[in-house]
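**Student:** The residues making up each chain are set out below.
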Amino acid sequence: MTAATTPARSGVKSVEGAPLLELDNVKMHFKTKGEGFLSRGTKWVQAVDGVDLTLKPGETLGLVGESGCGKSTTARLITRLLEPTGGEIRYQGVDIAHMNERRLRPYRREIQLIFQDPYSSLNPRHTVGTIVGTALRTHDMVDKKGELARVQELLELVGLNPEHYNRYPHEFSGGQRQRIGIARALAARPKIIVADEPVSALDVSIQAQVMNLLENLRKELGIAFVFIAHDLGVVRHFCDRVAVMYLGRVVEEGPRDSLYNAPQHPYTQALLSAVPDIAVVRGVPPKNRIRLVGDVPSPVDPPSGCRFRTRCWKAQDICATNDPALEEKAPAQRVACHFAEPPVESIVAEVV
Amino acid sequence: MSDQTSPAAPHTVTRVARTPAANEEPYLEVNDLHVQFPTADGVVKAVQGLSYSVPLRRTLAIVGESGSGKSVSSMAVLGLHDRRVARITGSIKVGGQDVVSMSDKELEKYRGGDASMIFQDPQSSLHPYFTVGDQIMESYRAHHNVSKRKAKERAVDMLGRVGIPNPRRRVDQYPHEFSGGMRQRAMIAMALVNDPKLLIADEPTTALDVTVQAQILDLIADLQRDFGSAVVFITHDLGVVAEIADDILVMYAGTAVEHGPVNKILGEPLHPYSWGLLESIPALTGEPAPLHPIPGSPPSLLAVPSGCPFHPRCEFKDRVPDDLCRTLRPELISRTADLGRTSRCHLKDPDRVFETDVLPRLP
Amino acid sequence: MLLYILKRVLSAISVVIVTLVASFALFFLAPTDPAGVICGPRCTPERVADIKASLDLDEPPLQQIGAYMKGIVVGRDFEAGGTTQHCAAPCLGYSYTLGQPVTKLLAAALPVTVSIVIGGAVVYLIVGVLAGTIAAQVRGTTLDKAVVGTTLFVQSIPYFVVALLVALYATFLPQSGYHPFFDNPLTWASGLLAAWLCVGLTNAAAYTRYSRASMIETLGQDFVRTATSKGISRRRVVYRHGLRAGLTPVVTIFGIDLAFQLTGAIFTESIFGLPGLGQLTLRAFGQYDLPVLLGGVLVGSVVLVVMNLVVDIAYTFLDPRVRLG
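Protein chains in written order, with this note's numbering: chain A, 8 to 359; chain B, 656 to 1018; chain C, 1195 to 1519.
Since the hints were derived computationally from the structure, they do not count as laboratory data.
Hints are supplied without guarantee of correctness; some may be wrong.
As the list claims (entries may be wrong) - In silico contact screen, one side only, chain B against chain C (beta carbon under 7 angstroms); selected entries:
hint: 1; residue: Leu733
hint: 2; residue: Glu763
hint: 3; residue: Met772
hint: 4; residue: Ser780
hint: 5; residue: His782
hint: 6; residue: Asn800
hint: 7; residue: Gly951
hint: 8; residue: Arg984
Stated by the list, open to error - Taking CB as the label site, the calculated pair distances span:
hint: 9; chain 1: B; residue 1: Arg742; chain 2: C; residue 2: Ser1384; range: 50 to 58 angstroms
hint: 10; chain 1: B; residue 1: Arg974; chain 2: A; residue 2: Arg174; range: 30 to 38 angstroms
hint: 11; chain 1: C; residue 1: Ala1407; chain 2: B; residue 2: Thr744; range: 42 to 50 angstroms
hint: 12; chain 1: A; residue 1: Lys151; chain 2: B; residue 2: Leu1014; range: 50 to 58 angstroms
hint: 13; chain 1: A; residue 1: Pro349; chain 2: B; residue 2: Val698; range: 52 to 60 angstroms
hint: 14; chain 1: A; residue 1: Thr137; chain 2: B; residue 2: Arg880; range: 51 to 59 angstroms
hint: 15; chain 1: B; residue 1: Val698; chain 2: A; residue 2: Leu155; range: 48 to 56 angstroms
hint: 16; chain 1: A; residue 1: Leu155; chain 2: C; residue 2: Leu1220; range: 40 to 48 angstroms
hint: 17; chain 1: A; residue 1: Asp124; chain 2: C; residue 2: Lys1339; range: 31 to 39 angstroms
hint: 18; chain 1: B; residue 1: Ser802; chain 2: C; residue 2: Thr1381; range: 44 to 52 angstroms
hint: 19; chain 1: C; residue 1: Pro1352; chain 2: A; residue 2: Asp147; range: 51 to 59 angstroms
hint: 20; chain 1: B; residue 1: Val740; chain 2: C; residue 2: Lys1201; range: 45 to 53 angstroms
hint: 21; chain 1: C; residue 1: Ile1320; chain 2: B; residue 2: Asp753; range: 40 to 48 angstroms
hint: 22; chain 1: A; residue 1: Asp308; chain 2: C; residue 2: Ala1508; range: 30 to 38 angstroms
Think of the CB as a built atom: it goes at the ideal place given N, C-alpha and C, for glycine as much as any other residue.
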C-alpha cells in the first residue's frame, strides 16, 4: 500500500512547485428568494466568502467552527461537489474550480470525501462488496478479476472482516459503517481525504476507534486530510494545522499548538473557552470563560467590516468600516482581527 | 432573526465550588427499575435493575453511550412510556409518590407539574405549528386554573427569565423564528413554567454549538439555584458532566456500572468501562496522547452478555479468577474504603489497577 | 401574499388557455371529420357542408380559436336554422345538438356535480380522518387490523359496483334526484343523500389509510412526546398536537382529489340519475358536441388550477413555516 504516491496519473496535470491543494479567495454564494411582500429581489447566502487555505502532501488541516460557518460547504467545494461562485481551487497548481465533469474525473479520484452520517451515505440495497467495488470500477483501479481481492484488502485495511464483503450496510454497526465509508474513499487511492465530521455521529468509544484508524491510515498511506469537526478536542488530536471559520470566512489559522495555546482572534478565544473540559476534575483550576452574547448573524446579510464585531467585546469603530485581512501575527499563525493578541490568561488551562 | 445585543465586556464566568454532598432526603428515588420492550425479535431489555436517588438542589449526570438505557430510564421517570409497549417494573418514587403504579389520570397531573423534561433537539421537540407562547401557556394552564391572559403573562415572564430578549414580542413567534439556542431556552422556559421539583434534561446541549452550549449550561445551573430543583442531566459528554454535575451515574447495557460524586468518578474511576471512556476522549491540553478505545461495540439489548455485561470488551477480565466475569453479575457496591461511591466490577483492587495501568495512559 | 395570489391567478389563466388550445388542436388534428359524425349514416355532401358552415368548421382552425376566445370575453352570435341567437359573454359556444348555449348547460350541470362532490367530501373526510386517527392510536391491535382490512376490501371493489349496490339495495334512503339548494335545502339534501353516502364511504377507505399513515408518523414525532410530557390529556395530545400536523399531507391529497372528482363523477351521476357535468360531457362525447366538450375541459382545468391554488393557500394557514412568495 504505497500506491497513494503513484506519480502522475493519467489526466492529472501538475505545476512544478505548487502546493498539493490551494484555495484562493474561494466564494460560494447561494441564491435565495427574498422574503416578505415587497422585497422580492434575489438575495445571496454568503456560505463561503473568500477562503484562502493551503494543504501540503501528507498534512492534516482541521477546519473548525459552529454551524453555518461554512466548513461543510468548503468540504463540498474542495471535492467539487459544488462549483464555487468565485476564486480558484488549485490541485497541484491546476485550477479545478470550474472544470467540467469529464475533465474533472481524474481529479475526483485524487480527492475523496468521507461523510458524517454512516447511515444515510451508504446505499442500503448494495452489498459492501458492491459499494467498495463500484468505487474501484468508477476510477478504473483494478481489472474485473482483481476486484474482489482488492475489496477484501480494503476491508481488512479498515479493520473489517474481509469475508463480510457480501453483507449489507444494515448488518453493520455505526462505527463499522463509517469504516465502510472510509474503505470506499480509499478505493481510489486518493492523495487527499476530506472528512466532514467523520466521527461526530458515533459513540465516544467507537469514535476513538475510528480516529485511531484514520490516524494509522494517514501514517501508512501518507494521505493528506482536510478534517472538519465541531469538536475541538478531536481536531486537536488529529490535525497539524487548524483553521477557525466564522460566517464563511477563516478568522484564524495556524499550527495546532499555537492556535490552541495562544489563540489571537477573539472568536477563537471564546470558542476554546466554551468547551467544557473534563480536566477540571483532575485538579486543573476552572478556566475563566468568555461567554458570547447572542447568535451568529445571518449569512444573507452579514455585518459590515469584521463579521464577528457584533458579538465581539473588543469591537471599535474601525471594525465596522474596515474588514480585517487574514495576516500573519505570529510565526505561521494568520489572524483576521484589528486587535489580535494572545489572551491575557491562558484560555485552556495548563495542568499544574 | 437574532436580537442584536451590544457586545458586552469580556463576560467571564468562574464557577463556584460545589457544596459537598449533604445527607439530604432524596426527592427522586429509583429502585430496581426494569424497562423491557417485547418485540417480534425478542424482548429488548433496555433497563435492568437500575437504582439511584437525587436530592433537591443536586444534579445527577447519567452518562452512557447509545443503548445504555440512560434515556429510556429517564423517560420512565416521567412516565412517558406507552404502557402497551413497555413493561416497567420496580419503583420510581418522586416526592414520595410512586410513578410506576400511577393511573393515567394521576400521570397526567404528575407530568409537567412536579417533574418536567427538556429534550435533546429543540427543533423537533417544539410543535412547529403553534407559537412559543401558546406552547408555554398550554403547559401552565394544564396545571393551573388561570385565564389565558394570566398564562400569557407567565409565559412572557418565563421567557425573560431564561434570557430571551424582547419576550413580549417573542412570545407570539413560532419556533422556526427562533435560533437553535433560543429554541432550547424556550424549551427550558416551558419545562420550568410550573416550578417543577424535578427536572430531567436529556442531552439538552448535544444539538447545539459549543458557544451556545456554554450559555445553556450556565442557564440550567443558574435556574437550578433559583428553583432549587433536583436535576437529572443525561449526556454522553464527560466534559459537560465535569461542568454541571454533582454526582455521576455511568450506565452500560441497561445497568449502572459506577455511581458517586463527579470529581471522584472522573478523577479516579473504578470501573473498566469508565476507564475506557476516559481513554477515548482526546484532551484539550497537554501533549496529545494516543487514544485507547474500548474494543468492540456495545451489546445488543436483545442478547445482553451473561455475567458482567461489559466482560466481552473488558481488557482486565483475565485478572479476575474463575471466569467470574462471564458467569456472575457483579453487584453495585462500594469497592474501596470510600463508602460514598459504588461500582459493579469483580476486580479486587480497582483503585490500584487504575493507578498502575490506566492513569499513565491518560492524557 | 396578495401579489403571490395575483401571480398564481395569472399563471392559472395561462394554463387554462394552453389547455383550451391544446384540446382544440386535438379535435382538429384527429382523422375523424366532426361534421361527418354529426351528419350520421344518411348523409349527403350538402348536409356536411351545411353543418360545417353552421359550426364554423369551414374556417381555418386559428380563426376558430380566435372566435371562441373572443366569445368568452365579449359574447358571440350564432346562426342556427335561419335564426340568430345571441350568446352573452362569457360565451363558451353553442350546442347544436341541444340547441342551447354551452354556458347555460354548464350552469345547470355544475351545481349538481359540485353538490355531489362537496357532500361526499364531507362524509369521507369525517369518516376517513376519524377512523384513520383512531386506528393510528391503537396501531397493531385487532381494531387497527380490522380498520385496515375494511379499507382494503372497500378499495378492491370497483366503484360502479358499490354505486349499483347502493342504488339497488339502499331503498330505505330517500329517492335520489336533484333539487336546487335554494329552492329547498331539505329536498336538496335528501335527494343527494344516497350519492353522498356512496361517494363518501368508498373514498373514506382511502382517506382512512392516508390519515392513519400520516398520524402514525406524526404521533412518533418529538413534539408529540413533548406535549405528553407537559401533562395534558392524551386526547388533547392526539387531536390538538398530532392531528394538526398530521392533517397537512391529507389536505394536499384532498385538494387534488376534489378537482378530479368534479370531472369524474360520471358513475355517481349516471347511477343516481343526477344531471351533472359527467353526464353532460359523456353525452356530448357520444354526439360529437364539440362546444360542450370544450366547455367541460375548460371547467375541469379551471377547477384543477383553482384547487391547487386553494391548497397552497390553505398550507400557509396550516403550517406557519410556509410563506408564499
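**Student:** None of the hints should be skipped; say for each whether it holds.
**Tutor:** Outcome of the hint check:
Restraint check, leucine 733/B versus chain C: the minimum CB separation of about 6 angstroms is within 7 angstroms; hint holds. Given the 7 angstroms rule on beta carbons, the hint for glutamate 763/B holds: about 5 angstroms separates it from the nearest Cβ of chain C. At a threshold of 7 angstroms, the smallest CB-CB gap from methionine 772/B to chain C is about 5 angstroms, leaving the interface hint in force. For serine 780/B, the interface hint holds, the least distance from its beta-carbon to any beta-carbon of chain C being 4 angstroms, beneath 7 angstroms.
With 7 angstroms as the threshold, the beta carbon of histidine 782/B comes within range of chain C, its nearest partner Cβ sitting at about 4 angstroms, so the hint holds. The interface hint given for asparagine 800/B is broken, as the beta carbon of that residue sits about 14 angstroms from the closest beta carbon of chain C, more than 7 angstroms. Taken as an interface hint, glycine 951/B does not check out: its beta carbon lies about 31 angstroms from the nearest beta carbon of chain C, beyond 7 angstroms. Given hint, arginine 984/B at the interface with chain C, is violated; its Cβ is 32 angstroms from that chain's nearest Cβ, farther than 7 angstroms.
Taking the beta carbon of each, arginine 742/B and serine 1384/C are about 54 angstroms apart, inside 50 to 58 angstroms as hinted. Separation of arginine 974/B from arginine 174/A is about 35 angstroms and conforms to the stated range, judged on CB atoms against 30 to 38 angstroms. With their beta carbons about 34 angstroms apart, alanine 1407/C and threonine 744/B fall outside the hinted range of 42 to 50 angstroms. Separated by about 53 angstroms at the C-beta atoms, lysine 151/A and leucine 1014/B satisfy the suggested range of 50 to 58 angstroms.
Between proline 349/A and valine 698/B the beta carbons are some 58 angstroms apart, a value that agrees with the proposed interval 52 to 60 angstroms. Look at threonine 137/A against arginine 880/B: about 57 angstroms separates their beta carbons, and that is inside 51 to 59 angstroms. The hinted range of 48 to 56 angstroms is not satisfied by valine 698/B and leucine 155/A, whose Cβ atoms lie roughly 40 angstroms apart. One distance hint, 40 to 48 angstroms for the beta-carbon pair leucine 155/A and leucine 1220/C, is violated here, with the actual separation near 57 angstroms.
For the pair aspartate 124/A and lysine 1339/C, the beta carbons lie near 35 angstroms from each other, so the given range of 31 to 39 angstroms is met. Between serine 802/B and threonine 1381/C the C-beta distance comes to about 47 angstroms, which sits within the given range of 44 to 52 angstroms. Range check, proline 1352/C to aspartate 147/A: about 56 angstroms between beta-carbon atoms, so the 51 to 59 angstroms window is met. For the hinted restraint 45 to 53 angstroms between valine 740/B and lysine 1201/C, the CB-CB distance of approximately 49 angstroms keeps it satisfied.
Between isoleucine 1320/C and aspartate 753/B the Cβ separation comes to about 42 angstroms, which falls inside the hinted range of 40 to 48 angstroms. As the Cβ distance of aspartate 308/A to alanine 1508/C is approximately 31 angstroms, the hint placing it in 30 to 38 angstroms holds.
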